[in-house]
Every structure is written in structure tokens, then in C-alpha cells.
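Chemist: Single-letter residue listing:
Protein chains: 2
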Amino acid sequence: MNVRTLLAVDWGTSSLRGAWLDARGQAVEERSFARGILTVAPGEFAPAFESCFGDWMQRPDALCLMSGMVGSKQGWLEAPYCTCPAGFEEVAANLAWVKPGRVAIVPGLVCEHDGLPDVMRGEETQVFGALQLLGLQDALLVLPGTHSKWVRVQAGRIQSFATFMTGEFFALLRQHSILSRTLPASDGAFDSEAFDQGVTLALRGNSLLHTAFSTRTLSLFDRLPAAALPSYLSGLVIGEELRAQTLQANTHVVIIGSAALTQRYQNALALRGVPAQRIGSEATWAGLWAIAQTIHPSLLKTV
Amino acid sequence: MNVRTLLAVDWGTSSLRGAWLDARGQAVEERSFARGILTVAPGEFAPAFESCFGDWMQRPDALCLMSGMVGSKQGWLEAPYCTCPAGFEEVAANLAWVKPGRVAIVPGLVCEHDGLPDVMRGEETQVFGALQLLGLQDALLVLPGTHSKWVRVQAGRIQSFATFMTGEFFALLRQHSILSRTLPASDGAFDSEAFDQGVTLALRGNSLLHTAFSTRTLSLFDRLPAAALPSYLSGLVIGEELRAQTLQANTHVVIIGSAALTQRYQNALALRGVPAQRIGSEATWAGLWAIAQTIHPSLLKTV
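Here the protein sequences line up with chains V and X, keeping their order. Counting in the UniProt record's numbering, the first sequence runs from 1 upward without gaps. Counting in the UniProt record's numbering, the second sequence runs from 1 upward without gaps.
Hints may contain errors.
Treat identical chains as interchangeable: a pair holds within one or across any two.
Derived SDA-like pairs: lysine to any residue, alpha-carbon spacing no greater than 25 Å straight-line [said to hold, decoys possible]:
#: 1; residue 1: 73; residue 2: 222
#: 2; residue 1: 73; residue 2: 181
#: 3; residue 1: 73; residue 2: 175
#: 4; residue 1: 301; residue 2: 115
No lab work stands behind these hints: they were computed from the structure.
Produce the complete structure using the sequences and hints provided.
Modeler: Below is the structure:
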């Protein structure tokens with residue numbers, strides 16, 4: 001083991017989280033801030049970091065690893081993408097050092113599929129963490145969200161992945177489309193029956209371009225109450241994402257994310273007859289810990 | 001022939017068009033106004049109509065037929081939907097009379113498919129007109145737009161149809177999604193090569209939730225110039241709509257709409273190996289003329 005403690009940081013588009021990991025890689029203290037990279041002006045990343053974590057970085061052996069959009073063009077320092085297939089060793093060998101030996105950013109991944117490039121930043125770290133926590137070397141994982149990622153892992157390395165703009169499509173339809181006039185102002189309580197109805201329809205095979213319109217017509221003819229429509233639409237969009245996946249009946253899926261969202265995906269996968277297990281945001285800390293252990297000692301600042 | 005002249009009106013959400021049709025059903029004068037139903041307050045439809053077409057309605061034998069969203073809840077007078085299958089005779093027998101014998105609104109259609117209702121208002125009239133103009137009794141027709149309609153006709157009657165929110169999805173992605181940051185502010189010139197590339201990718205089978213993201217990554221890696229991205233995205237969305245259709249190689253499709261849009265659909269259908277012919281907005285006048293000829297004489301105001 002090269003690293004005995006770690007400041008693990010998840011710095012995304014809209015939020016900033018950090019944890020101090022002890023010698024067993026356990027988070028002993030966590031902090032979160034509404035300081036996503038979109039709120040930080042160019043040149044202001046160092047002071048923002050200092051104000052959030054400066055006290056922790058005073059410790060003599062402090063090492064900080066960060067993942068997420070902080071490594072993008074709009075972030076602190078651009079960390080070039082690693083090409084798939086890639087494991088956490090490749091990622092550890094391609095860190096972008098903000099302060100040599102002390103603060104580094106984990107690179108994102110790029111893969112090529114069907115003649116098209118695809119990219120991720122931050123999800124690779126969550127995947128490596130989930131593999132560690134679950135003791136897996138081969139898995140199909142999904143990280144639901146604004147841009148969901150489906151990730152195939154073999155022998156501990158990410159072979160390929162694909163992005164689905166599921167959360168963003170839901171928000172666009174919810175807020176800006178003609179459906180927004182039919183839907184209630186607030187999402188209200190989750191309606192699992194309406195959600196399942198949406199998933200089932202989407203899995204039957206028609207395009208979201210068509211099924212989305214049923215949100216309007218079912219309401220027009222009083223076949224679904226207005227309060228059930230947001231859950232129904234959520235089911236349509238998530239169901240469309242699942243329909244697009246190649247899943248054998250014996251495929252086992254790992255879902256990484258918040259409790260509410262991973263629960264929806266687990267329910268939707270069950271309607272496709274696919275078992276799944278869920279894991280939360282602790283995957284990020286475990287991933288950063290695993291990457292840190294692989295950093296070559298010559299790169300670390302000795303004290 | 002019951003009706004010898006007709007004021008034909010297409011009153012939609014965002015525009016109002018009218019034509020005076022002579023004894024052969026030909027438009028001898030046309031007018032158009034930026035007075036879609038969204039601009040007209042409840043109770044103001046009669047004066048709006050009077051200001052646009054009052055002089056024409058002074059003629060002693062004047063009969064006016066209107067189609068489109070003017071017959072919706074938000075329009076002048078709600079015209080209840082006719083149930084499919086329906087031909088222009090059923091539609092003519094279910095007109096909603098604003099002024100008995102003088103001014104009537106054509107009802108929309110409702111059909112049930114896969115346990116879901118679907119609706120149209122205005123497109124039924126264009127379909128009936130296209131059938132008349134092309135001398136067809138059996139056809140598959142598409143009316144591209146904000147909400148595209150695919151319509152199956154047998155023996156002159158609309159058997160079923162399905163709505164695809166294609167134009168609206170394009171606008172949502174174009175204006176409100178993360179892709180809007182990548183796309184140029186103006187659509188610029190149409191790029192047929194980029195359009196075909198988008199259609200071809202969509203026809204290969206992955207969901208728009210996934211393919212849409214390639215608009216971003218192709219730009220990120222300089223594989224497509226920014227100026228080509230709007231045409232590429234248009235191809236992705238229209239290609240997704242076409243992929244969702246059951247089309248045999250010998251299917252013949254009629255495309256009804258504006259020259260620019262029907263040209264895109266004809267090109268996209270050619271990439272699926274499906275021949276298509278195009279027809280313009282004259283279909284609306286021909287449809288209203290055909291419906292007018294079927295009105296029972298007892299319903300017409302004699303002069």
C-alpha cells in the first residue's frame with residue numbers, strides 16, 4: 001500500500017463533495033458544497049479548493065485525488081481521456097497533477113463504438129470503486145442520471161461504454177415540451193404503478209418519439225390522473241433506455257447511484273426479467289482509494 | 001355536387017390561412033395571417049374571423065369549412081373527435097356548426113392502438129385531399145411536423161394513425177439541451193451529407209437517447225464541423241421516426257407538407273429503400289372541398 005490516507009474529491013458540474021479516508025480507505029469525515037464547476041470562474045479553482053479543503057491539506061502526508069468534470073476543459077486542469085479498454089492502473093498512470101505529488105485529477109475515458117466516440121468523466125472512478133466493493137472482475141454496470149452510462153467490464157477493465165441522455169430527455173419533456181402543459185407543476189409522490197405502466201409500454205418496442213405523446217392523450221381522455229403523469233413519463237424514458245440494451249435473461253446488472261434512482265432502475269430491470277443489485281455514492285470513495293494505491297511511489301511527495 | 005364555391009380555412013395553433021375555391025375546387029385567392037389560435041382570446045374568434053374573411057362571407061352563397069386546432073378545446077368551438085376507421089363522409093356528417101348552414105369546423109379523429117388513444121386535428125383533411133388529388137384509395141401517408149402523423153388508409157378511409165413528436169424533440173434538443181451549447185446559433189445551410197449520416201446511424205437501430213449524444217462527441221473530437229451539426233441532428237431525429245415504422249420494401253409512402261420538410265423525408269426514406277411521393281399544402285384545400293361536397297343538402301343554408 002502506497003498511500004495511507006486520502007482526501008477523495010468528487011467535483012462535478014453542479015456539486016463538490018469531499019471525504020477524508022483513513023488507512024482502511026473508510027470515509028471518516030465528509031463535506032459537500034454547492035460549488036459545482038459551473039459556479040467557479042476560470043482561475044478561481046485553487047482558491048475554491050483551498051476554502052473547502054485547505055485545513056485537510058495542511059496535514060503533512062495529505063494527498064488529494066479528484067474525479068469528475070473538474071478534469072474537463074471547463075474545469076481546473078484538463079485531464080486527457082484514457083482510451084478503453086482501461087483499468088484503474090491505466091487511469092492511475094495518467095493522472096493530471098495540479099500540484100505535483102499532492103493534488104491530482106483522474107482522467108476520463110473515451111471509447112469508440114459504431115464509428116462514434118463516447119466519453120465519461122467521473123463514472124469510471126465509481127465503476128472501479130463498485131468493482132472493489134463487490135469483489136467483481138466482470139460486470140455490466142449502469143450509472144443512471146442526466147446522462148446515464150452503461151459500462152461493460154471484463155477482467156477488471158472497462159471494455160466499452162455508452163451514454164444515454166435519459167435524465168436530460170425527461171427534464172426537457174417535463175419542463176419545455178407540450179407535455180409540460182398537461183403535467184402538474186410538481187412531480188409529487190412517486191406512483192410505482194404508473195411508472196411500471198410506462199416502462200412496460202416502452203419495452204414493447206415503439207420509439208419514445210411516439211410513446212411520449214401518450215402522456216398527453218391518456219390525460220386528454222382521463223385514463224391517467226394528472227398526479228400519475230410524471231411517474232408514467234419517467235417510466236417511458238427509463239424503459240426506452242433499457243429496451244436499447246442487449247441484455248440476456250441471465251445478465252446481472254450493477255446499478256450505481258442515489259437510492260431513489262437506483263430503485264427505479266431496479267424495478268424497471270425486473271420488468272425485463274433482469275436481476276440487479278444497487279450501490280450508492282460510497283463507490284466514488286472506494287474508486288479513488290483504489291486508484292491512489294496504484295500511484296507509483298516516485299510520483300508522491302515524500303515528507 | 002352540393003357546394004359550388006367554398007371558403008376553405010386552415011386554422012392551426014400558430015397560423016391562419018384561407019382560400020376561396022371556385023366551382024372546380026381551385027383556389028382563386030389565398031390569404032394568410034399570423035393569427036393562430038394561441039393568439040386569439042376566448043370569445044374573440046368570431047371577430048377575428050370577421051376581420052380576416054368577413055368580405056368573402058358577404059357573398060350570398062358563402063359556405064366556410066375550417067380544419068385544424070380551431071376545433072379543439074382551446075379553439076372557437078370544440079368539434080368532438082370521429083372514431084377510426086373514418087372517411088370524409090363520416091367527417092362531413094359530424095361537422096361542428098359555428099353558424100348553421102354557413103360556417104363549420106371539421107372534427108378531428110381518434111384511434112386506439114396498443115391500448116393507447118391517439119388524436120389528430122387538421123391532418124385528416126390533408127389526407128383526404130391528398131387521396132383525391134392523387135386518385136388513391138389505399139396508401140400510407142406521413143405528415144411531418146412538430147407532431148408527425150403516420151396514417152394508414154384502406155378503401156378511402158383512415159384505418160389508424162400514430163403520432164411522433166419528431167419536430168418537437170428536435171426543437172427541444174436544439175434549443176434547451178446540452179447540445180445547444182455545441183450547435184451554432186443559427187441552423188445555416190442544410191448539409192445533406194451530414195443529414196444522411198444522421199439518418200443512417202438512426203436506422204442502424206440504437207435509441208435516440210444514445211445517438212443524440214454523438215452530436216456532442218463528434219464535435220468534441222472535431223469529426224463534424226459545427227455548421228453541419230444541425231443537419232446531422234435533424235437526420236438522427238427523422239431517422240429515428242422512420243426506424244419506428246413498419247415498412248416493407250415495396251411500401252409506397254405519400255409525404256404531405258412543405259417543400260423543404262417533405263424533401264428531407266423523401267431523402268431519408270430513400271436511405272431505407274422506400275420510394276415516396278410528395279404533395280404540398282394544396283392537399284388541405286382539396287380535402288375541405290371533398291368534405292364540402294358530401295354535406296347533406298338539408299344542412300346547407302339556401303339562398
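Chemist: All the hints need checking, so say for each whether the structure fits it.
Modeler: Verification of the supplied hints:
1. 73 - 222: between (48 Å within a copy, 15 Å between copies)
2. 73 - 181: Between. Shortest inter-copy distance 14 Å satisfies the 25 Å Cα cut-off; intra-copy 37 Å does not.
3. 73 - 175: Close across copies (22 Å), not inside one copy (28 Å); limit 25 Å.
4. 301 - 115: neither (42 Å within a copy, 66 Å between copies)
In this structure, only the earlier hint numbered 4 is contradicted, and the remaining ones agree with it.
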